[in-house]
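Participant: Spelled out from the first residue to the last, the chains are:
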Amino acid sequence: MEHFLLQIFVFFVAAAIAVPVAKKIGIGSVLGYLAAGVVIGPFGLSLIGNVESVMHFTEFGVVMMLFLIGLEMKPAILWQMRNSILGLGGGQVLVTTLLIMFVSVWFLPGRQALALGLILSLSSTAIVLQLLKERGRYDTSVGRSIFSVILFHDLAVVPIMALLPLLATGGTHEIVQHSGLVDISHFSGGVRFLLTLMAITAVFLLGRFVTRPLFRAIAMTGMRELFAAASLALVVGSSLLMMVVGLPAPLGTFLAGVVLAESEYRHELESNIEPFKALLLGIFFISIGASLNFELLWEQWWVVCLLVAGIVVFKFVILYLIAVLFRLPARERGYFSIVPAQGGTFAFVLLPFAVQSGVLPPLVSELVLTAVVITMFFAPLMVTAWEKFVERRIESKEGTGHVSPQGQRVIIAGFGRLGTDLGRLLISVGIKPVILDHDPVGVEALRNFGFEVFYGDVTRLDLLEAAGAAEASMLIVTISNAEKAKELVELAQKHYPHLEIAIAVDDWRVVYEMKDLGVSLIRRETRDSALDLGMDCLKLLGMHSYEAFRLLRMFKHQDLKASDDLYGVWREKGEETFISSFRDHNDNLAALLQRAQTRNMEEVGKGWASDKIIRATGGQPDDPPEIRR
Amino acid sequence: MDVDAAEAVFRYFPAVDQLVLFKVPSRNTFKIEIDMNKILLLLAHPAFGRSVANAALYSAVEGMEGVTCRDLYDLSPDFFINVKKEQELLLAHDIIIQQYPLYWYSTPSLLKEWTDLVFEHGWAYGSDGNALQGKYFMQAITTGSEAESYTLGGHSSMPLVSYLAPQRATARLCGMRWLPPFVAAGVHYESRAVLASEGQRYRRMLEALQQCSRLEELAEKYRITDGPVPEANALDRDLLQGELNG
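Taken in order, these protein sequences are the chains called A and B.
Letter by letter, the first sequence follows residues 476 to 1104 of our numbering.
Letter by letter, the second sequence follows residues 15 to 260 of our numbering.
For the record, the hints were derived by calculation from the structure and aren't laboratory data.
Be aware that one or more of the hints could be misleading.
[What the hints assert, rightly or not] The calculated SDA-like cross-link candidates involving lysine to any residue, where the alpha carbons are at most 20 Å apart (straight line), are:
{"no.": "1", "chain 1": "A", "residue 1": "1036", "chain 2": "A", "residue 2": "1067"}
{"no.": "2", "chain 1": "A", "residue 1": "959", "chain 2": "A", "residue 2": "892"}
{"no.": "3", "chain 1": "A", "residue 1": "1014", "chain 2": "B", "residue 2": "84"}
{"no.": "4", "chain 1": "A", "residue 1": "961", "chain 2": "A", "residue 2": "981"}
{"no.": "5", "chain 1": "B", "residue 1": "98", "chain 2": "B", "residue 2": "84"}
{"no.": "6", "chain 1": "A", "residue 1": "1014", "chain 2": "B", "residue 2": "94"}
{"no.": "7", "chain 1": "A", "residue 1": "1036", "chain 2": "A", "residue 2": "1057"}
{"no.": "8", "chain 1": "A", "residue 1": "549", "chain 2": "A", "residue 2": "943"}
{"no.": "9", "chain 1": "B", "residue 1": "99", "chain 2": "B", "residue 2": "69"}
{"no.": "10", "chain 1": "A", "residue 1": "1014", "chain 2": "B", "residue 2": "179"}
{"no.": "11", "chain 1": "B", "residue 1": "126", "chain 2": "B", "residue 2": "179"}
{"no.": "12", "chain 1": "B", "residue 1": "126", "chain 2": "A", "residue 2": "1024"}
{"no.": "13", "chain 1": "A", "residue 1": "608", "chain 2": "A", "residue 2": "553"}
{"no.": "14", "chain 1": "A", "residue 1": "1036", "chain 2": "A", "residue 2": "959"}
{"no.": "15", "chain 1": "A", "residue 1": "1014", "chain 2": "B", "residue 2": "69"}
{"no.": "16", "chain 1": "A", "residue 1": "959", "chain 2": "A", "residue 2": "699"}
{"no.": "17", "chain 1": "A", "residue 1": "990", "chain 2": "A", "residue 2": "1007"}
{"no.": "18", "chain 1": "A", "residue 1": "499", "chain 2": "A", "residue 2": "853"}
{"no.": "19", "chain 1": "A", "residue 1": "1014", "chain 2": "B", "residue 2": "89"}
{"no.": "20", "chain 1": "A", "residue 1": "1031", "chain 2": "A", "residue 2": "1067"}
{"no.": "21", "chain 1": "A", "residue 1": "1031", "chain 2": "B", "residue 2": "94"}
Turn these sequences into a full structure, and let the hints steer you where they fit.
Facilitator: The structure is reproduced here in structure tokens:
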């Protein structure tokens, strides 16, 4: 136990030191973790033992990451991306496999060369996605192109795993079943296929029909830890199911994620899984760093160097050609090619698997693995260098475009009557807000109306994070509970100081409290609808439409101005003076509007006469004729 | 009976139309109605509730058959203009009249907004914008100052029609035939009785416009040339004094 805690302690301390330093230097967290791994690994300070088992355990971080990716992938989006997934991803895998095979056929037997080609054609999902998210490129068009490639890699693992044993050159066909629970390998091929199909169907049905009522029931209890447990159970369960039938676990959780992508509990799930994923993934990267075999590197440095150069250059060139072939915009091609130009995390799974299946000799596997780890080291460095030296030049040539509200992320917290209309407006303009509400019944009702509303307690930091507060440009608070609203505003201001905050409140007291907090846009919930109603009533009473409109406009303007003055009074002189000032303000407003009705409108009504104007400006007109009325 | 002859009969023997309904086959009376020029009257007055002169003009013609009256400030108090609807209305009429008080030698602001939005490129102008081709465009204006101030050397230093150059050019660009304005000048100083008689003059002119079959010929006179600008109320004289009446 003590040993275990010590290990954990070493990992966490290493991460806590290395990652902030790496971020400070500007090379990103992935490289920080990897470097930390080297330092504490067997070739560094040797503070940890049994790296491989840690790696195997923390590989689950990749599984969780794919679940989270699945959550962000609606089936419709996936379908929309089918061409780029198959075209960009498929093309890249095919061409890279063939090229690596042709080159390595000089040194290795044909089957081994093909196996190597297959394994090395894949890039690292973990590293690529982390890079894209950290650099804010995930939601850009180039980000989506890269994601298509990466997603194809994740899907390609399945057939590759099935193919590898067939490439074995004699020896033992020792197919490793990871599952210790149920062994289905003794069934015939047809039954296995059927079982596989059933497992996938089970994941689908579970996600579709069981989780929602279950989560709803949990939401009703209001106990958060239950939610976390259920979320984890879902991820672990679906990956177990996949492992039983011999499919890669990431595929199963990805599938579960996709099924749940349209559910209202998406953000809640995301915020529950995210910390576990981040933690596991971090340790996973550390263990990759720690597993770098320096001894081998020292002995065979030139082979490793050639391998590293080969992987990076081949991948870059092939991706670039694919980008040209598929007519990606010229300025995106370079970034598209550099980001996935490294060996994949799946190599850590596939290479040992290939060795066990008797496809590759251990030495080759070891060398390639070392090279892959080094390419992973280079990946963040290359991307940083690309952004610093190449892209800056391109961008300065193009200049920055006009910022349009479309495509900006807006979060609406609370989706009652006010939020509904607000959401409709934003959606019509082309802004798709992320809408959060904490009432499970209301959320379901609104989803039936076609709004994409997510369930969750809006005052929770992790939910805000999952809703994308870091990338969002605005938070609109329309929850009626003033205390909660205040809590949320303070939370957002503290953690996301870049967010513009807009808030609707129901009471002038809360207006002033929000002013104290420095909220940029405050509206009193009922004011404008009350005034609009008043205007229509005036019209019905016989006032001309435009006159009613002008009076309303004047009232609104004056009222807003006075409310600023009154805020000062309330701040400095307290409530009693405030009330008397408020009365004065109302009297002034009444006087102003009445004057406006008799004077201003009359002026307009009389029309505009040039000779009167000339008189007013000191011209020399004839005596005015008498005004007869 | 041809249309012009029917017009003449109606004009000189107003009581005859009762008889005509009985004696002339209904097809012909129907035909006369179709051939009447349809008028779209757009009123722009920001304080119409307090207006005297414009109210006198407007109330004199409101409800006339074949005249569609629209109070723009009532329909679009928030300056939101339903472009599609306005365009449909324009298409359905032959003569477009904009009635407004002259503000700063120009139109009230809503009328400018209306023009900016409704006369769309590709609809009203541009290589395939010919929706307004062949229609007639006219202004009915009230001025606070008296008519004499709109002369060279007067307070306003130029003839009134000179100030209408933007609208005149707009009409030309959209292929519309511009007609000289109806002007009720010096409305500040006129009594209600005078204004009421101006209203009757306005109504008579609209009736004449509806029935005139030679508008095209008439409009030809007022094409933009390098000659002097037409006088205000020139049309009034042309139409009502029978110069070109059918």
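Participant: If you check each hint against the structure, which ones fail?
Facilitator: 9, 10, 14, 17
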